[in-house]
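Asker: The listed protein sequences correspond, in order, to chains A and B.
For reference, each letter of the first sequence is one residue, going 237 to 643 in our numbering.
For reference, each letter of the second sequence is one residue, going 237 to 643 in our numbering.
One should not assume that every hint holds.
Identical copies carry no separate label here, and so any pair may be met within one copy or between two of them.
[As the list claims (entries may be wrong)] Straight-line alpha carbon distances no greater than 25 Å define the calculated SDA-like cross-link-like pairs of lysine to any residue that follow:
| hint | residue 1 | residue 2 |
| --- | --- | --- |
| 1 | Lys547 | Gly596 |
| 2 | Lys263 | Ala307 |
| 3 | Lys580 | Thr282 |
| 4 | Lys263 | Gly541 |
| 5 | Lys374 | Glu257 |
| 6 | Lys263 | Glu474 |
| 7 | Lys614 | Leu476 |
| 8 | Lys580 | Glu239 |
| 9 | Lys374 | Gly318 |
| 10 | Lys263 | Val606 |
| 11 | Lys374 | Glu264 |
| 12 | Lys590 | Gly302 |
| 13 | Lys590 | Glu257 |
| 14 | Lys374 | Glu620 |
I should point out that these hints are in silico values taken from the structure, not numbers from a laboratory.
Just so we're clear, the structure is a prediction, and the values are computed from it rather than from any experiment.
Protein chains: 2
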Amino acid sequence: MTESLKIGLLGHGTVGGAFDELVGGRKEAIESAIGRPAVISGVLTTSIGDFDEILAASDVIVELMGGTDTARDHVLASLRAGKPVITANKQLLAQHGAELFAVASESGVQLRFEAAIAAVVPVVRVVQESFGAVEFTKVSGIVNGTTNFILSEMAATGASYEDTLARAQELGYAEADPTDDVNGADAAAKMAILARLAFHTPVTLDQVDFEGIESVQPDDLAYAKELGLSLKLLGVAERLADGITVRVFPCFLYGGHPLSPIEGPFNAVTVEAPEITEVTISGPGAGGVQTASAVLGDLVSVVTGDAPTHKVQNDLPVLTDVTSSFYLHLEVADEPGVLAQVAKVLSDGGVSVKSVVQKGMGDDARLVMVVHRCLESKFKSAIEEIGRLDSLRSAPRFIRVIEEEFV
Amino acid sequence: MTESLKIGLLGHGTVGGAFDELVGGRKEAIESAIGRPAVISGVLTTSIGDFDEILAASDVIVELMGGTDTARDHVLASLRAGKPVITANKQLLAQHGAELFAVASESGVQLRFEAAIAAVVPVVRVVQESFGAVEFTKVSGIVNGTTNFILSEMAATGASYEDTLARAQELGYAEADPTDDVNGADAAAKMAILARLAFHTPVTLDQVDFEGIESVQPDDLAYAKELGLSLKLLGVAERLADGITVRVFPCFLYGGHPLSPIEGPFNAVTVEAPEITEVTISGPGAGGVQTASAVLGDLVSVVTGDAPTHKVQNDLPVLTDVTSSFYLHLEVADEPGVLAQVAKVLSDGGVSVKSVVQKGMGDDARLVMVVHRCLESKFKSAIEEIGRLDSLRSAPRFIRVIEEEFV
Numbered sequence: 237m238t239e240s241l242k243i244g245l246l247g248h249g250t251v252g253g254a255f256d257e258l259v260g261g262r263k264e265a266i267e268s269a270i271g272r273p274a275v276i277s278g279v280l281t282t283s284i285g286d287f288d289e290i291l292a293a294s295d296v297i298v299e300l301m302g303g304t305d306t307a308r309d310h311v312l313a314s315l316r317a318g319k320p321v322i323t324a325n326k327q328l329l330a331q332h333g334a335e336l337f338a339v340a341s342e343s344g345v346q347l348r349f350e351a352a353i354a355a356v357v358p359v360v361r362v363v364q365e366s367f368g369a370v371e372f373t374k375v376s377g378i379v380n381g382t383t384n385f386i387l388s389e390m391a392a393t394g395a396s397y398e399d400t401l402a403r404a405q406e407l408g409y410a411e412a413d414p415t416d417d418v419n420g421a422d423a424a425a426k427m428a429i430l431a432r433l434a435f436h437t438p439v440t441l442d443q444v445d446f447e448g449i450e451s452v453q454p455d456d457l458a459y460a461k462e463l464g465l466s467l468k469l470l471g472v473a474e475r476l477a478d479g480i481t482v483r484v485f486p487c488f489l490y491g492g493h494p495l496s497p498i499e500g501p502f503n504a505v506t507v508e509a510p511e512i513t514e515v516t517i518s519g520p521g522a523g524g525v526q527t528a529s530a531v532l533g534d535l536v537s538v539v540t541g542d543a544p545t546h547k548v549q550n551d552l553p554v555l556t557d558v559t560s561s562f563y564l565h566l567e568v569a570d571e572p573g574v575l576a577q578v579a580k581v582l583s584d585g586g587v588s589v590k591s592v593v594q595k596g597m598g599d600d601a602r603l604v605m606v607v608h609r610c611l612e613s614k615f616k617s618a619i620e621e622i623g624r625l626d627s628l629r630s631a632p633r634f635i636r637v638i639e640e641e642f643v
Numbered sequence: 237m238t239e240s241l242k243i244g245l246l247g248h249g250t251v252g253g254a255f256d257e258l259v260g261g262r263k264e265a266i267e268s269a270i271g272r273p274a275v276i277s278g279v280l281t282t283s284i285g286d287f288d289e290i291l292a293a294s295d296v297i298v299e300l301m302g303g304t305d306t307a308r309d310h311v312l313a314s315l316r317a318g319k320p321v322i323t324a325n326k327q328l329l330a331q332h333g334a335e336l337f338a339v340a341s342e343s344g345v346q347l348r349f350e351a352a353i354a355a356v357v358p359v360v361r362v363v364q365e366s367f368g369a370v371e372f373t374k375v376s377g378i379v380n381g382t383t384n385f386i387l388s389e390m391a392a393t394g395a396s397y398e399d400t401l402a403r404a405q406e407l408g409y410a411e412a413d414p415t416d417d418v419n420g421a422d423a424a425a426k427m428a429i430l431a432r433l434a435f436h437t438p439v440t441l442d443q444v445d446f447e448g449i450e451s452v453q454p455d456d457l458a459y460a461k462e463l464g465l466s467l468k469l470l471g472v473a474e475r476l477a478d479g480i481t482v483r484v485f486p487c488f489l490y491g492g493h494p495l496s497p498i499e500g501p502f503n504a505v506t507v508e509a510p511e512i513t514e515v516t517i518s519g520p521g522a523g524g525v526q527t528a529s530a531v532l533g534d535l536v537s538v539v540t541g542d543a544p545t546h547k548v549q550n551d552l553p554v555l556t557d558v559t560s561s562f563y564l565h566l567e568v569a570d571e572p573g574v575l576a577q578v579a580k581v582l583s584d585g586g587v588s589v590k591s592v593v594q595k596g597m598g599d600d601a602r603l604v605m606v607v608h609r610c611l612e613s614k615f616k617s618a619i620e621e622i623g624r625l626d627s628l629r630s631a632p633r634f635i636r637v638i639e640e641e642f643v
């Protein structure tokens, strides 16, 4: 009789419970995929189970408990004991990745984490395995489903950010405390991991600049629709001449961009390199059973293959002042000379205007501009000065624009 | 000193040459990915090289020669000699898959073929490894770049099929003899392989029904645009209650379908199952260096992991008479009673009309209809009868329609 694969399961919440059910419900498929039966040999929650006993009784540890303290201890102990670990814990990897990868490598044990980024969308495997010898130039992702749902809804309905967030909460697409989703922090953690894998360089969470979607206004989306642009919260990790940049920000995408059609709570990641052009993977970015399916895929692979353990091969500087194109929205006094004032400040600051439209009249007068690619620091100095003009009725608003660059 | 990985390269055309260059040009990345240098130990073409010598001198065989006779002999000999094989040869796998997989399995050797389907788009890995324990319900794909380019161009320009094909040939997106691309045969070979992998069941090429795009008319695309539909040559492998269906046909997709935004020479595949919802992968479906990159990804994996060898686990009947919804385009005489005649034939045949629009007048009078899902055999009998009506000015044209079904 073949011995079963014994799985120690840490955590039994939404994803842990779904994983437990999948292992029970997909018995035959798993046995056929790994060549022997798989069983849950122990479950650890805050109320039941003993970690040391579970570790001793298991061939592989699946960490779905969340948090970064106990989870870190248990994952390190498991790796040191020579037991492969599968985790869906993005914060753990974003904050303690360097340590975890080092210990996995020293111990010669697999650490797999497909579900930590974009749930069931197999971006980790594609980056590490399909394209393991590719030198990526850029990784762009919609890696937070809550914000993509909100932006899609705002674009479709014209409703305000606040109303749409409330609707997302009702539908279960946003948590009661949505802070880490809407301010970009969740996406930043995922991009830190992705940038590390793609560029083989240590990227820490505090090196990722992030902005959220809290200040997006319905008229930004209306303007985007006119121009055939879509608004997305994008994570971008890019290789530049003198380092890399890893950032999360709302931005307008032209209609033909591969991430432009991604709507609702879906996630998607596009990887680029000259020899692959661009490859995009998309799918549901959350959900208990979907996330558990990604964990199950890792489990099969732990048994049947050797995942490459991430190794630092570079130590690339993480740059923050890079170039972007911007959309700029100014609520201005309806009087002659305002455009001239604004144009002079931009021009003096070295920011070149691509297009400008005057919209509305009286108390609704606005200037909507797009400026050419320039260093962000230059743009920000210029709009700081614009913000001090008497003719401004409120603070300037801006959103980055990613224009056509794909073939 | 670590011993190099010795690669025997069969074939040195566009893809073979690009692979040779990649191995030379990406030395460091490959060494870092596989832990030792990789070298081409021998090249076989019609004019140089001896297969037996190359086989003896190689750790792994990369088959990029094409064809199904010599290629089959060499791949079988390599597997039997215990050497892993990587191939990009879809016809070889579609026609001799059963034999090749069986020999790979007996010999305990890896047979990898990511590049055979959709070039650099990592669909084989995702189906076999990420979702190795998932019971797929459906695999849909745009797996031929030539036809997708032609249909995208026809939709954008309104040009005829013949003119657009000529343009595609000029641009290098279509071959001088485009027959196997435009008639669906190339896509059918890829779908035979994908269906085999997804459903673990033997699917042979002759079980795949295929239709091409040769009879698509510009006004079909104009009609699609009005309705927000896109026209694609789709491969669909689906699990039904009493078997599977594997087919290739042009069809209209609603705007929110994940394959709807795929334009130009790109490929994309969507896999579906309840536990993963749907995951879509897209990217360039052809190109020497892109295809060679997929081969390189397989090479890295041959060294670092164990690919699951496809094993037949089911013997599902392949059904051909399944249900579809249809768009029906009739050029009719501009006289009273034609719609009533047509409606009666459809209704007598058990085909239910969803919508009908009368277009044009006089010699341009047409009926454009969409009918509800029905067995294809019923629909085809009905339109055969409609084709015999005196009031028809030309043979009926139809295109399948895939309507909203995703969430």
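Asker: Taking the hints in turn, state whether each one holds.
Answerer: The hints, checked one at a time:
Within a single copy, Lys547 and Gly596 get their C-alpha atoms no closer than 55 Å, and across copies no closer than 66 Å, so neither meets the 25 Å cut-off. Neither within a single protomer nor between protomers do Lys263 and Ala307 lie at most 25 Å apart by alpha-carbon distance, with minima of 27 Å and 38 Å respectively. Taking the shortest alpha-carbon separations for Lys580 and Thr282, neither the intra-copy value of 62 Å nor the inter-copy value of 68 Å comes in at or below 25 Å. Taking the shortest alpha-carbon separations for Lys263 and Gly541, both the intra-copy value of 20 Å and the inter-copy value of 24 Å come in at or below 25 Å.
For a Cα distance limit of 25 Å, the shortest separation of Lys374 from Glu257 across copies, 22 Å, qualifies, whereas the shortest one inside one copy, 37 Å, does not. When the C-alpha separation of Lys263 and Glu474 is checked against a cutoff of 25 Å, the pair qualifies only between copies, where the shortest distance is 22 Å, while the shortest distance within a copy is 42 Å. Taking CA atoms no more than 25 Å apart as the test, Lys614 paired with Leu476 passes inside one copy only; the shortest distance there is 19 Å, against 60 Å between copies. Neither within a single protomer nor between protomers do Lys580 and Glu239 lie at most 25 Å apart by alpha-carbon distance, with minima of 76 Å and 65 Å respectively.
Taking the closest pair of Cα atoms, Lys374 and Gly318 never come within 25 Å of each other, the shortest separation being 34 Å inside a single copy and 38 Å across copies. In the homo-oligomer, the alpha carbons of Lys263 and Val606 never lie at most 25 Å apart, since the shortest distance is 56 Å inside one protomer and 43 Å across protomers. Taking CA atoms no more than 25 Å apart as the test, Lys374 paired with Glu264 passes between copies only; the shortest distance there is 20 Å, against 40 Å inside one copy. Proximity of Lys590 to Gly302 under the C-alpha cut-off of 25 Å is found in neither arrangement, the shortest distances being 46 Å within a copy and 50 Å between copies.
In the homo-oligomer, the alpha carbons of Lys590 and Glu257 never lie at most 25 Å apart, since the shortest distance is 55 Å inside one protomer and 41 Å across protomers. For the identical chains of this complex, Lys374 and Glu620 are neighbours neither inside a copy (30 Å) nor across copies (53 Å), given an alpha-carbon limit of 25 Å.
Consistency with the previously given hints fails for numbers 1, 2, 3, 8, 9, 10, 12, 13, 14, ordered from lowest to highest.
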